[in-house]
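A.B. asks: The residues making up each chain are set out below.
Protein chains: 2
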Amino acid sequence: MRLKCTISYDGHLFNGYQVQPGKRTVQDELEKALAVLHKSKDRIPVVSSGRTDSGVHAAGQVIHFDTPLSIPAERWPYALNALLPDDIAVKQAEIADDGFHARFSAVKKEYRYFVYTEKHPDVFKRHYAYHFSYRLNVQDMREAAKHLIGTHDFTSFCAAKTEVQDKVRTIYELDWTETADGLQMRITGSGFLYNMVRIIAGTLLDAGIGKISPDEVKSMLEAKDREAAGRTAPGHGLYLWNVYYDN
Amino acid sequence: MRLKCTISYDGHLFNGYQVQPGKRTVQDELEKALAVLHKSKDRIPVVSSGRTDSGVHAAGQVIHFDTPLSIPAERWPYALNALLPDDIAVKQAEIADDGFHARFSAVKKEYRYFVYTEKHPDVFKRHYAYHFSYRLNVQDMREAAKHLIGTHDFTSFCAAKTEVQDKVRTIYELDWTETADGLQMRITGSGFLYNMVRIIAGTLLDAGIGKISPDEVKSMLEAKDREAAGRTAPGHGLYLWNVYYDN
Chain P
1 MRLKCTISYD GHLFNGYQVQ PGKRTVQDEL EKALAVLHKS KDRIPVVSSG
51 RTDSGVHAAG QVIHFDTPLS IPAERWPYAL NALLPDDIAV KQAEIADDGF
101 HARFSAVKKE YRYFVYTEKH PDVFKRHYAY HFSYRLNVQD MREAAKHLIG
151 THDFTSFCAA KTEVQDKVRT IYELDWTETA DGLQMRITGS GFLYNMVRII
201 AGTLLDAGIG KISPDEVKSM LEAKDREAAG RTAPGHGLYL WNVYYDN
Chain X
1 MRLKCTISYD GHLFNGYQVQ PGKRTVQDEL EKALAVLHKS KDRIPVVSSG
51 RTDSGVHAAG QVIHFDTPLS IPAERWPYAL NALLPDDIAV KQAEIADDGF
101 HARFSAVKKE YRYFVYTEKH PDVFKRHYAY HFSYRLNVQD MREAAKHLIG
151 THDFTSFCAA KTEVQDKVRT IYELDWTETA DGLQMRITGS GFLYNMVRII
201 AGTLLDAGIG KISPDEVKSM LEAKDREAAG RTAPGHGLYL WNVYYDN
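Protein chains in written order, with UniProt numbering: chain P, 1 to 247; chain X, 1 to 247.
No lab work stands behind these hints: they were computed from the structure.
Do not rely on the hints blindly, as some may be mistaken.
The list makes no distinction among identical chains, and a pair is therefore deemed to hold if it is satisfied within one copy or across any two copies.
[Unchecked claim] In silico lysine-lysine, DSS-like type, Cα no more than 27 Å apart, as pairs: (1) Lys23 <-> Lys218; (2) Lys125 <-> Lys4; (3) Lys125 <-> Lys91; (4) Lys125 <-> Lys23; (5) Lys32 <-> Lys125; (6) Lys161 <-> Lys23; (7) Lys4 <-> Lys119; (8) Lys146 <-> Lys224; (9) Lys91 <-> Lys41; (10) Lys4 <-> Lys218; (11) Lys119 <-> Lys32; (12) Lys41 <-> Lys4; (13) Lys119 <-> Lys91; (14) Lys32 <-> Lys224; (15) Lys39 <-> Lys224; (16) Lys211 <-> Lys32; (17) Lys167 <-> Lys146; (18) Lys41 <-> Lys211; (19) Lys218 <-> Lys146.
Just so we're clear, the structure is a prediction, and the values are computed from it rather than from any experiment.
The task is simple: from the sequences and hints, build the whole structure.
C.D. replies: See the structure below:
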C-alpha cells in the first residue's frame with residue numbers, strides 16, 4: 001500500500017530535508033520512525049516532493065512511502081507523531097494509488113517567505129521570519145515581481161553551485177501581501193531551482209528599499225547570470241507551503 | 001541615572017527569569033550584557049517587575065537598573081540587543097526618576113495564556129502555545145472565570161510550595177477570546193501568586209471540557225486548598241504581557 005502524507009517541520013534544528021551522513025535531517029527522522037513502526041531493522045525509504053535547505057521550514061511538504069501495515073489512513077498521523085521528534089508533524093495521510101509519486105506527480109508548488117520590519121528584533125520570530133527593519137515600498141516590489149511571472153530561464157535566480165542544466169521554469173503567481181508586522185511573499189510555480197525563491201525574495205526586497213528599480217529585474221532575468229540578481233534572503237523566512245497534484 | 005526597559009524573552013531555553021547558580025536565566029544574561037557594556041568586572045544589578053518560571057515567556061517584562069553611562073535612552077535597546085542572546089530583546093528604554101522601582105512601582109500586571117486546539121501538533125507552536133485538542137465550551141469557561149474576578153484569597157490557585165502568607169489578590173479582568181486556531185486567556189491583576197495564572201488556565205480549561213461545572217470554581221476558591229482547584233497548565237503557553245505603572 002502506498003501512503004501519501006502531508007507533513008510540516010520546523011527547519012531550525014535540521015540540516016535540511018535530505019539525508020546527509022552525520023547530519024540531523026528530516027528524511028532521516030522520518031525513516032527512523034517508520035522503521036520503528038514497521039519493527040524493521042532496515043530503513044523504510046521515504047520520497048518527498050523535493051528537498052528543502054538547512055533552516056527552511058515546511059508547512060505542507062508531501063511525502064510518500066510503501067507499507068504492508070494496514071493502519072487506517074486517518075490513524076497514521078497519530079502513529080507517526082508519537083514516534084517523531086516534536087519539530088516534525090504529520091498533518092494528514094491518505095492512501096494513494098501505486099502510480100502516485102510525491103515528486104514526479106507534483107504539478108505545482110507554493111512557497112511563502114515572511115519578513116518583519118519592526119525596529120527591534122522579535123524573539124518569537126527569530127527562527128521564523130526575516131528581520132528586515134527598513135521602510136519598504138511594497139508597490140515597487142509588486143512591480144518588480146511582475147517581470148518574473150511566466151516562463152523564463154531563471155539562471156540569474158539560481159545558486160551557482162547546481163548541476164541542473166535546464167533552468168527554465170514557470171512562475172504562476174508572485175505577490176506580496178502586508179501582514180500585521182511585515183510582509184509575506186507568496187509564490188507558486190512549476191518547480192523551483194536551488195535557492196531560487198530566496199534569491200527572488202532578496203532581489204525584490206532590494207527593489208523595496210530602492211537599491212534597484214523595479215524594471216532592473218527584467219534585465220537581471222535576461223542576463224542569465226547569478227551575479228546580476230540580488231542577495232539570497234536567509235532560509236529561516238522560507239516555508240514550503242503547499243504541493244499540488246492532479247487529483 | 002535609572003533606566004526603565006521593556007523587554008521580551010522566549011522562555012523555552014531559560015530556567016526562568018531569576019538568577020540561579022549553574023542555570024541559564026534571563027537575569028543572568030541581562031547582567032552579563034550590562035557588565036560588558038559598562039566594561040565592569042562586577043555585575044550590574046537588574047531589578048524586574050517579578051519572576052517568571054522556566055519555559056514561561058515575556059512579551060512585556062519591565063526591568064530597571066542604574067547606570068553612569070550617558071547613552072541616549074532610544075539607543076539603549078540597540079546597545080543591549082547587540083550583546084544579548086537572540087532569545088532576549090530590549091524593546092524600549094526610558095529614563096526613569098530615581099524613585100521608580102520595576103517591582104514595587106507596578107500597579108497592575110497582564111498575562112496571556114495561549115491554547116491551540118487543532119487535531120495534530122503544530123511544530124511552530126510547540127514552544128509557544130498549549131496543544132489542547134478538545135472541543136471547548138468557551139461560554140462555560142467565561143462563566144467559570146467570572147467567579148475569580150475581584151478581590152479574593154487565591155490560596156486554592158497558588159502552588160503549594162510558596163513562602164507567601166497573604167494570598168489575597170485582586171483580579172481586574174479575566175476573559176477568553178477565540179483566535180484563528182484556538183483560544184487566548186487574558187488576565188490582569190494587582191499581582192499574582194506562584195503558578196496562579198497557570199492554575200487558573202488549567203482549571204478553566206477543565207470547565208471548557210465539562211470536567212467541572214462553571215459554578216464549582218466558586219467553591220474551589222472558598223476551599224482555600226490547592227487540591228480543590230484544577231491542573232497547572234504548562235508554562236510554555238504563558239506570557240507576561242504587560243506591566244502597568246502610575247505615570
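A.B. asks: If a hint holds in the structure, say so; if it does not, say that too.
C.D. replies: The hints, checked one at a time:
Taking the shortest alpha-carbon separations for Lys23 and Lys218, neither the intra-copy value of 39 Å nor the inter-copy value of 54 Å comes in at or below 27 Å. Taking identical chains as interchangeable, the C-alpha atoms of Lys125 and Lys4 lie at most 27 Å apart only when they sit on different chains, with a minimum of 24 Å there against 31 Å within one chain. Taking the shortest alpha-carbon separations for Lys125 and Lys91, both the intra-copy value of 22 Å and the inter-copy value of 14 Å come in at or below 27 Å. In this homomeric assembly, Lys125 and Lys23 come within 27 Å of each other (Cα to Cα) both inside a single copy, at 25 Å, and across copies, at 24 Å.
Taking the closest pair of Cα atoms, Lys32 and Lys125 come within 27 Å of each other only across two copies (24 Å); inside a single copy the shortest separation is 30 Å, beyond that limit. Taking identical chains as interchangeable, the C-alpha atoms of Lys161 and Lys23 lie at most 27 Å apart only when both belong to the same chain, with a minimum of 20 Å there against 43 Å between chains. Proximity of Lys4 to Lys119 under the C-alpha cut-off of 27 Å is restricted to the inter-copy arrangement: shortest distance 18 Å between copies versus 42 Å within a copy. Proximity of Lys146 and Lys224 under a CA criterion of 27 Å is satisfied intra-copy only: 18 Å inside one chain copy versus 66 Å between copies.
Within a single copy, Lys91 and Lys41 get their C-alpha atoms as close as 26 Å, which meets the 27 Å cut-off; across copies the closest is 51 Å, which misses it. Within a single copy, Lys4 and Lys218 get their C-alpha atoms no closer than 39 Å, and across copies no closer than 50 Å, so neither meets the 27 Å cut-off. Taking identical chains as interchangeable, the C-alpha atoms of Lys119 and Lys32 lie at most 27 Å apart only when they sit on different chains, with a minimum of 24 Å there against 42 Å within one chain. With identical chains, the CA atoms of Lys41 and Lys4 are at most 27 Å apart within one copy only, with a shortest distance of 23 Å there and 59 Å across copies.
For the homomeric pair Lys119 and Lys91, the shortest alpha-carbon distance between copies (9 Å) is at most 27 Å, but the shortest distance inside one copy (35 Å) is not. In this assembly of identical chains, the alpha carbons of Lys32 and Lys224 never lie at most 27 Å apart, being 41 Å within a copy and 50 Å across copies at closest. For a Cα distance limit of 27 Å, the shortest separation of Lys39 from Lys224 qualifies neither inside one copy, at 50 Å, nor across copies, at 51 Å. Within a single copy, Lys211 and Lys32 get their C-alpha atoms no closer than 47 Å, and across copies no closer than 38 Å, so neither meets the 27 Å cut-off.
With identical chains, the CA atoms of Lys167 and Lys146 are at most 27 Å apart within one copy only, with a shortest distance of 19 Å there and 63 Å across copies. In this homomeric assembly, Lys41 and Lys211 never come within 27 Å of each other (Cα to Cα): the closest approach is 55 Å inside a single copy and 44 Å across copies. For the homomeric pair Lys218 and Lys146, the shortest alpha-carbon distance inside one copy (9 Å) is at most 27 Å, but the shortest distance between copies (61 Å) is not.
Against the hints set out earlier in the document, violations occur for numbers 1, 10, 14, 15, 16 and 18.
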